[in-house]
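Chains as they are written, first to last, in numbering that gives the first Met the number 0: chain A, 0 to 338; chain B, 0 to 338; chain C, 0 to 618; chain D, 0 to 618.
For the record, the hints were derived by calculation from the structure and aren't laboratory data.
There could be a bad hint or two in this list.
Unchecked claim - As a list, the in silico BS3-like pairs of lysine-lysine whose alpha-carbon atoms are at most 27 Å apart:
{"hint": "1", "chain 1": "A", "residue 1": "318", "chain 2": "B", "residue 2": "146"}
{"hint": "2", "chain 1": "D", "residue 1": "589", "chain 2": "C", "residue 2": "566"}
{"hint": "3", "chain 1": "C", "residue 1": "585", "chain 2": "D", "residue 2": "585"}
{"hint": "4", "chain 1": "C", "residue 1": "589", "chain 2": "D", "residue 2": "198"}
{"hint": "5", "chain 1": "A", "residue 1": "146", "chain 2": "C", "residue 2": "198"}
{"hint": "6", "chain 1": "B", "residue 1": "318", "chain 2": "C", "residue 2": "426"}
{"hint": "7", "chain 1": "C", "residue 1": "539", "chain 2": "C", "residue 2": "589"}
{"hint": "8", "chain 1": "A", "residue 1": "312", "chain 2": "B", "residue 2": "289"}
Please read all numbers here as calculations on a predicted model, not as lab measurements.
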Amino acid sequence: MNEVKTKPAALSKKDFISNQEVRWCPGCGDYAILSQVQKIMPELGVPRENIVVISGIGCSSRFPYYMNTYGFHGIHGRATALASGVKLTNPELSVWVITGDGDGLAIGGNHMIHLLRRNLDINILLFNNEIYGLTKGQYSPTSELGKVTKSSPFGSIDYPFNPPQLALGAAGTFIARGIDREQKHLQGLLKHAHTHTGTAFVEIYQNCLIFNNGVFSHLTEKEVKAENVLVLEHGKPMIFGKNEDKGLRLNGSHLEVIQLDGKTSHDHVLIHDETNKIQALLLSELTYLKDFPTPIGVFYHQDVETYDHMMIKQIDYAKEQKGEGNIEALFHEGYTWTV
Amino acid sequence: MNEVKTKPAALSKKDFISNQEVRWCPGCGDYAILSQVQKIMPELGVPRENIVVISGIGCSSRFPYYMNTYGFHGIHGRATALASGVKLTNPELSVWVITGDGDGLAIGGNHMIHLLRRNLDINILLFNNEIYGLTKGQYSPTSELGKVTKSSPFGSIDYPFNPPQLALGAAGTFIARGIDREQKHLQGLLKHAHTHTGTAFVEIYQNCLIFNNGVFSHLTEKEVKAENVLVLEHGKPMIFGKNEDKGLRLNGSHLEVIQLDGKTSHDHVLIHDETNKIQALLLSELTYLKDFPTPIGVFYHQDVETYDHMMIKQIDYAKEQKGEGNIEALFHEGYTWTV
Amino acid sequence: MAEDQQKISKTTEEVDVVTIRFAGDSGDGMQLTGSQFTNNTAIVGNDLSTFPDYPSEIRAPAGSLAGVSSFQIQFGSQNIYTPGDTLDVLVAMNPAALKVHLKDLKINGLLLLNSVNYTPRNYKLAGWESNPLEDKTLKDYRVAEVNMSELVANSVKDLNLSPKVINRSANMFALGFLYYMYDRNLDSTIDFITAKFGKYPDLAEANRRSLKAGYNYAHTIKIIRTNYRIPKAKFKKGTYRNIMGNQAVSFGLVAAARKAGLELFYGGYPITPASDILHYLSGFKNFGVKTFQAEDEIAGVMSTIGAAYAGDLAITATSGPGMALKTEALGLAVSVELPMVIINVQRGGPSTGLPTKTEQSDLFQAVLGRNGEAPIPVVAAQTPAHCFDAAYEACRIALEHMIPVILLSDGYLGNGSEPWRIPEYKKLPEIKTHKKTDPEDFLPYRHDEKTLARPWVVPGTANMEYRVGGLEKSEGTGNVNYTPENHQLMTELRQRKLDIIADSFPPVVPFGNSSGELLILGWGSTFGAIRTAVENALAKGLSVGHVQLTHLNPFPKDLGEVLGKFKQILIPELNMGQLQTLIQGKFVVKTEGLHKMKGVPFTQSDIYNKMVEMLKGLA
Amino acid sequence: MAEDQQKISKTTEEVDVVTIRFAGDSGDGMQLTGSQFTNNTAIVGNDLSTFPDYPSEIRAPAGSLAGVSSFQIQFGSQNIYTPGDTLDVLVAMNPAALKVHLKDLKINGLLLLNSVNYTPRNYKLAGWESNPLEDKTLKDYRVAEVNMSELVANSVKDLNLSPKVINRSANMFALGFLYYMYDRNLDSTIDFITAKFGKYPDLAEANRRSLKAGYNYAHTIKIIRTNYRIPKAKFKKGTYRNIMGNQAVSFGLVAAARKAGLELFYGGYPITPASDILHYLSGFKNFGVKTFQAEDEIAGVMSTIGAAYAGDLAITATSGPGMALKTEALGLAVSVELPMVIINVQRGGPSTGLPTKTEQSDLFQAVLGRNGEAPIPVVAAQTPAHCFDAAYEACRIALEHMIPVILLSDGYLGNGSEPWRIPEYKKLPEIKTHKKTDPEDFLPYRHDEKTLARPWVVPGTANMEYRVGGLEKSEGTGNVNYTPENHQLMTELRQRKLDIIADSFPPVVPFGNSSGELLILGWGSTFGAIRTAVENALAKGLSVGHVQLTHLNPFPKDLGEVLGKFKQILIPELNMGQLQTLIQGKFVVKTEGLHKMKGVPFTQSDIYNKMVEMLKGLA
Ligand SMILES: Cc1ncc(C[n+]2csc(CCOP(=O)(O)OP(=O)(O)O)c2C)c(N)n1
Ligand SMILES: Cc1ncc(C[n+]2csc(CCOP(=O)(O)OP(=O)(O)O)c2C)c(N)n1
Ligand code: SF4
Ligand code: SF4
Ligand SMILES: [Mg+2]
Ligand SMILES: [Mg+2]
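So here's chain A without its partners, still in its complex pose (with noise of 0.2 Å):
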């Protein structure tokens, strides 16, 4: 105990694989997720210490058991509420939620809305799969109209949320969307997320094998998804294509696909500004629309106070003001007689 302390190693990826067996299907898109997750962990200049990865039920809720940081597998649903005690406790933890659409859309929705729009410092990574896995297969609230599953053997008759337009719409103030298998893309998007200072919102595409096979398949194939895909970069135009032939164009107020032919210019194509939040509604309506390729990167990003850094400010001003609280002085504040 009383050896001398030195300056602990860098880190690397195999310091953040915890003890525990992985288990998830053989070929579920969590794996690939989990170690990119590991991946970036040293870079973000983080004692390990102090990080904390919090999550809910469901299969993607299993994650902090994998990571060999400090944990806490959740109830379903809360994932988001809990994060928001361990940041406002110890607002210097770096603090990541994990979720799936049945756990941060279905039954955990209210919390994080809630926690969008208070923009606590606080990273959360939603794996989308469309359906809810660790119950084996019934449609979730990202699932498509129609679909058949265990609990809808007639199709669902729910329509899908969009998941970047309702946290646009909860005041959220980072939206990304990332794919489970663009790897190099998705660390970029976490490191992005983790220097946002307020609550960073990432959807992940994840191929759920067993239940929902190839949901996104139009956008993870070698073939299609160039056509498929439009990956957003700041400042840069809005081209996607697998000859970067397309692009999309403002056309009052609506986007519309062009052909980046002799006869188009470049010039028209609209470049990606992530500060601009009219700009990512109209990006977040494309989630769902025929004919346009699904946009990932970061479709805004915006840093305001922190409601975990405005809560310090105020305790500080308050013992400012009043002192740093003397409970004997609160005990006899008003009338006091003694006996």
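Place chains B, C and D with the ligands on chain A using the hints.
Below, chains B, C and D with the ligands without anything else, positioned relative to chain A:
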């Protein structure tokens, strides 16, 4: 009991007034809203017995007691879920949800966004007084940052929701805003909400005399309201100001206010299109923007098939395909043996 | 065993009862194998009881202890009440399955192993220090160590299938092996295979061949000297089918709705082990059943209350954590006096606990777990087939008394199965509702004298518009009323309604002795283990009786009297003594508890041994 | 009374105990008037107890029965345990107040009325058939019928105030009147008025004049022949202040946090009658208190669990319906073994029930209302001042044993007040936490032998990273573990922790007789009524004892023994017999219940009469 029944006379407002004493504070904005609802009810062409008014808990949620219709004063935050069960049981009913900014957006936020997403044919009137009235004055999810209340003596550090934007983000199909004191306008909204097939979300600014008096006075006081309120009308230009001398124009992806003097022509003024979701999103941004008027009226309106309709269709289809369910046959499905 | 080299000559023997467990990796298809064996057992006319047990992970790591999935069946020519204690046959497809389950195999019991999986990597992963096939681990058992995968591969060589596919049909080999042992006909499973793999003829063929290969193999090997025939069980006359508990609940609900002339509404959120009720009901659309998959359990129960208000037979189902979330709404349901059934398919707690394991620890919550005085009737199912009756009874109470009713089932019942004597629909008890459409003298909170039901007037009924809510209200008008006397009156009325409900319960008649040394008082799914143990004890001449409660709130009126007739009372529960506390609290009578908190049901010997202990010193 | 025409000569009389109730419309300022009188009473050194009672509407319709708001105080020179049963003085500002409260006034009691409000419209609205001032309604009382509004108007003519403002200060007139009657000094209220209306000098002046007008008026009228002086109460030595229950809870929490060296975190959602705890704590920012107003009760308790995990003394408070919503999360809190306090300020149920009325009907919910076996210690406060001790004790148990603790208060305690002997902070018991920062031998679920606490390692502590959750876990490592033996072990461990907690409780020593005919066993806020009744009974020579439980789970270890020493046991509760069921369930001893479900506390005579009934036939 064997009397000959005659066709009932046409109903009037007083037919919708229940025998219960109204128990809001004298001068509360709720009175005006109650009165408008009672006024338009006879004009809807719905038999009184087919109208159900459902609420949660809050000052506003006492509403059903005062309506001489079917009514259910539920529990806090759950009116939308309660109403969903009522509507699905009997889709013939005209179902009205009365809720507050606490009831509908704090504890009830999740059921709210899920109802909007599912698009059941239900009308939601959200009485937004930016405060918790019934519990005597704590800040609510629509109170402005910094608000001093019983539970925020040093000022609230919560950013508020923007209700129409949240509703749009939740895939709502009818989004509107009214004001307690704009009674004629409110009547129009209520009737419009009724004719909409799908979930209608109507935010109504309501003055709480006791705990939040005057928060909307810039929108209601004669002298100033014309400068601060933009009345949205489908197909009409977005003009406001005492002298109708200001308009909204689209500049790139942003809105701006233009002065309609000789120089700038009316032609630049944006025409309101209720069916344009992007425009609705743009307008929703104005809720808290300084230097912009506050829009009231219908932000967005799109008739798409309702959940209740799809449910009926699916049941009909199943009956068509499999025949009306036969209990004996169900019991004997699969392998049976007789002893 | 291997030293015996004599020539094989097979004989057939008759036995009464057999217990088999199929165990393997989650990916090995043990649940499917078990249910095929079950159907086949039903066909030959044995009584049976089954118990599936699977990991909470969708696919735990292959070969790990956590990934073991099992299916147990007891069948026989007598009444079978439980899936059995110890095993006559254990199928262990891999070393992990062997590790978890070997302890339950009888000495000299048969062990069927797929030897291909007993590699060093696998047996180490399962926590064996050396290969259990090679050390002395298995010396007390009869071991059929078969390279199933290889034998299957040989039989399907011409089909050019991948090793993965071949491995996956090893379960059919094991099934065929057992079919031979118990002298079965393969047809039912061949039909099943053909239907299931219809679109993939090669797969179908591989499975068929695997099944037959297993059958033939068993015929040829020396370790199976005898095969067994179990005489048909003596069932009460009737038509039977096999049924799972959650399925039986669903049937009971549909039947009750039809009987009461109502449509069925289900509002709920998926949760293990209750989700299957939602799955079944969502397939019953042609019965007019409306299923609403809500965003959470609160919306589930609130939509159910809305549906009850609007006139449907309204149902929600969940398990412990979801039940907890419904607590506030149940108080509302009590206050508005509307009929509905809330189903809790219990699982291991506290909190997320042991999601796929069974337990009876939500009894307190059901009877007492609400704010305020909010009495709710509680009905408990006892066996998979009894789930039908219990669901029907819950609906009856709800509709006849205008009250929410809680139905308790559990994971063991919900997923377990047994033969069900199919009732004639028209002979099911009538169910009358309190629907009212005549405005004369209508008062929404005027209570019927006999049932204490208030009238059920649904929106859409002309000239009877009324308002209701969760605030205290006046008897009669239902208007909000906080006066002291009225609150006392209404509180007592809500309690009195419970008392009245007990009037319709059948008398409590103990099985076995109706007075004497020892009464075993149980509730819910412990029925089978208790009944088996009590039958054994009676056979040994012990003075015992057995009462299994279906009604936990209110208790039957004559229960106190029955308790008084025994010198000792034993209350076995899969919890820490919840019924015990309720019984002592109500009847002020000393009882003994037997508590098991292991995620698995009682065995009959758990109960039997405890009985013997309590009676020791007595003749 | 009016027939007496003799000349007035005033005298001062000494009395021991007085009960006064101020009643009027919600807008009449009765709560403020009552609290002014209370402060003033404290200043003169009487013991006292108060009970505010107000409508759940913010402003019910003026003059309606539903709109009546009242404030009761009992004060005297002896120990005062309750706000009193029957009234010596009733102030009834309008006919509705008279209608609701007259029944509680003693024969010959003094009735102070603001006659201006007794118009035909008003008395009809209140349900009087004729004017109660003119018929025989008041013949048994001494009536001071005063046109307060007119008298106030006269006294402020020069200020040019609106009639509304004048009417609003009539309450000060009534207060002044009573100050005269009880020989008080006006200074404390004058100071208060000056501070409160500082910005509006005219208003301040009007209130001051009104107060004095009332004082002087009482001096001049003949009906007040005597004024009363109540000798100082004999308090234990110390410094005192008046304190409300919710305030005392807040103080207790802040003190416990400081003592344990922790910061205080509060996560909750407003609900009557618990909101004031949030209000108080949100003002304590300079104590480093963090208050998080969550979006609902679930987020409230979940943020609390998060805060406990991260190392704060974590608190949430709510009332019945909110408590119901926290049920699921409480199971998690049990499973993760983290320290926190969950406060339930009970109100009338079921459901929304009677939001502003008091009740004790959430005891079952606190002790038993969860899914799974999820034992949680339960502590109950007995008086407004005792709320401090109970809150401190709840924190102590939570921190010393690493366990969530439920603290039960109720509307009567939360809003009621009494003198509090201010403790010396440094003499409060020490509280030790289980925080651990040394990684050597660290296992997150290794339980301390003495307390069964697990180590409290908070995020930010290097080299001790660990994971926790709501699935069943291994003793020691805390890794997920579903094996049968482990679940049994952990279930028993969680239960055993409760048993150990009882080791630290003081012995149960009955007040009065410690054995004999009758024990009154109470819990929570019934303390005052029971103690008063028991003192009366003892004075009459009856053989009774009184035990008031602070610990409802676990019960004190010697409680069973104490129960055994009495022939009869009476358990009075503001519910239908919840403690009674728990006691009978645990100790298998017959008890008698006394149940009151009226939204109001017991009176001492409720209890006293029942005692006499139970003891009748005895000497
Ligand atoms: C209160 C409660 N309700 C329901 C459940 C059952 N449940 C567990 S996970 C889950 C949904 C999982 O879906 P998702 O969040 O999308 O995660 P995935 O498994 O797809 O990763 C449900 C319904 C539960 N554990 N607790
Ligand atoms: C479960 C539950 N939590 C909290 C409360 C207390 N409560 C009642 S109404 C209310 C908020 C009211 O605010 P809002 O919905 O804005 O309605 P308003 O009174 O302003 O019309 C709260 C917190 C409750 N009744 N039930
Ligand atoms: S069920 Fe789906 S989401 Fe869950 S672990 Fe398996 S593949 Fe992944
Ligand atoms: S408190 Fe406010 S919202 Fe409530 S009734 Fe009074 S004025 Fe209206
Ligand atoms: Mg999912
Ligand atoms: Mg409000």
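I'd like to know which numbered hints this structure contradicts. Please list them from smallest to largest. 4
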